[in-house]
Amino acid sequence: GESVGLHLPTLSVQEGDNSIINCAYSNSASDYFIWYKQESGKGPQFIIDIRSNMDKRQGQRVTVLLNKTVKHLSLQIAATQPGDSAVYFCAENGAFGGTYKYIFGTGTRLKVLA
Amino acid sequence: NAGVMQNPRHLVRRRGQEARLRCSPMKGHSHVYWYRQLPEEGLKFMVYLQKENIIDESGMPKERFSAEFPKEGPSILRIQQVVRGDSAAYFCASSPKGQGGTEAFFGQGTRLTVV
Numbered sequence: 001g002e003s004v005g006l007h008l009p010t011l012s013v014q015e016g017d018n019s020i021i022n023c024a025y026s027n028s029a030s031d032y033f034i035w036y037k038q039e040s041g042k043g044p045q046f047i048i049d050i051r052s053n054m055d056k057r058q059g060q061r062v063t064v065l066l067n068k069t070v071k072h073l074s075l076q077i078a079a080t081q082p083g084d085s086a087v088y089f090c091a092e093n094g095a096f097g098g099t100y101k102y103i104f105g106t107g108t109r110l111k112v113l114a
Numbered sequence: 001n002a003g004v005m006q007n008p009r010h011l012v013r014r015r016g017q018e019a020r021l022r023c024s025p026m027k028g029h030s031h032v033y034w035y036r037q038l039p040e041e042g043l044k045f046m047v048y049l050q051k052e053n054i055i056d057e058s059g060m061p062k063e064r065f066s067a068e069f070p071k072e073g074p075s076i077l078r079i080q081q082v083v084r085g086d087s088a089a090y091f092c093a094s095s096p097k098g099q100g101g102t103e104a105f106f107g108q109g110t111r112l113t114v115v
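Protein chains in written order, with our numbering: chain A, 1 to 114; chain B, 1 to 115.
Excised from the complex, chain B in its bound form (with noise of 0.2 Å):
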């Protein structure tokens, strides 16, 4: 069973262009939580959703951010004209069930850069 699957690891922008992070949660799991991490920092909750669903998006900045997680496909976490503030690792964790109660898998991250 794989773990959760984040791609690309790293990833380079210049300012103004759009960075699409994508995440592949764990077999069998439908909730997709997104967080952002500065360097010496510690993880900041984004966004969290379920298949087709945004359930709290409380996390995200109001604009250039948005996220999805589609019936089919990964749970994209989009970025548009970013901005050297931007640069960040972003992780993705996914869990079974929502409600609690079980621990969040986490991938890899993609370390965003941009310049």
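Just chain A, same shape as in the assembly (with noise of 0.2 Å):
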């Protein structure tokens, strides 16, 4: 669901490591899913999407798993690079109270140690 009022949980790789950002969703209806990255003081960037009929997708050095049963989505990073370093957030899109809209996870902030 929503974050609210939670800060953000921190993952601290080794350059070069590969990265594993996990995410939960809320609405078991939802069928689009995307990440996004977010630099200091921008907005988010699209990063890889997929749809509810795929369990994985590969992107350049990124690849998104879907499980649909317990509702978690994970981004994979290979080969992580400081320029990685960012604050990555999950969206779901699907039909909340009636209309669709898109919902962010509460977040995670990627430091890429040197």
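It is worth saying that the hints were derived from the structure and are not from the lab.
All the given hints hold, so there is nothing to weed out.
35 Å max Cα-Cα, derived DSBU-like pairs, lysine-lysine:
#, chain 1, residue 1, chain 2, residue 2
1, A, 111, A, 56
2, A, 111, A, 42
3, B, 62, A, 42
4, B, 27, B, 51
5, A, 71, B, 44
6, A, 68, B, 44
7, A, 71, B, 51
8, B, 62, B, 51
9, B, 51, A, 42
10, A, 56, A, 42
11, A, 42, B, 44
12, B, 44, A, 111
13, B, 97, A, 42
14, B, 71, B, 44
15, B, 51, B, 71
16, B, 97, B, 51
17, B, 97, A, 56
18, A, 71, B, 97
19, B, 27, A, 42
20, A, 42, B, 71
21, A, 71, B, 62
22, A, 68, A, 56
23, A, 71, B, 27
24, B, 44, A, 56
25, A, 56, B, 27
26, B, 97, A, 68
27, B, 27, A, 68
28, A, 68, B, 51
Below, a sample of chain B positions facing chain A; criterion: calculated Cβ distance under 10 Å:
#, residue
29, 3
30, 37
31, 42
32, 101
33, 109
Given the structure is predicted, the values throughout are model-derived calculations rather than measurements.
Built from N, CA and C at the ideal position, the CB exists for glycine as well.
Got two chains here, each in a separate frame; can you build the complex from them with the hints?
Here's what the structure looks like:
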């Protein structure tokens, strides 16, 4: 569900290692999911998306996994680089209270250590 | 094709003043969403609008906050009689359709500071 009054958890990884960022979503009827990256002082930027009829989708250095049984998304970043340092949010798109909208997860701050 | 444009990027208001935040969606997008973000927190849904219609305002405070998306011009988020607790970053996103299944594109946000 939506994050209200929760501070961001932090994931620290060594440069070159793989990162895995997890997200729990709230609505079992959500059918489209997006991962966004937000750098300091900027708006969220699209990374990768996945529809509910898929379990896995790969992009350049990123992979999204969807587990509908437990309403869980993960974002895997291969060979993490300093430029990957940011806050990552998952968003679910589905009908909430009768209207389609995008609801964001809590977010995770990724820190890449040199 | 310009992205989602928000202005101003930074806005300072004294307590009791009004704040007007503007959002021009991407060309061809008729669906706009407003979100609020406090430092070190996530994005909280406020309102979803289509041209000339408020579709869902379940995340909007009942008082002092209003939003519109006129037939011509940008979407406006209006906060009357601002208080210190209104200080936050406000982001808007636009999408070409409301039924989902398409990416929502975000603007760079307006950072409101109430002094």
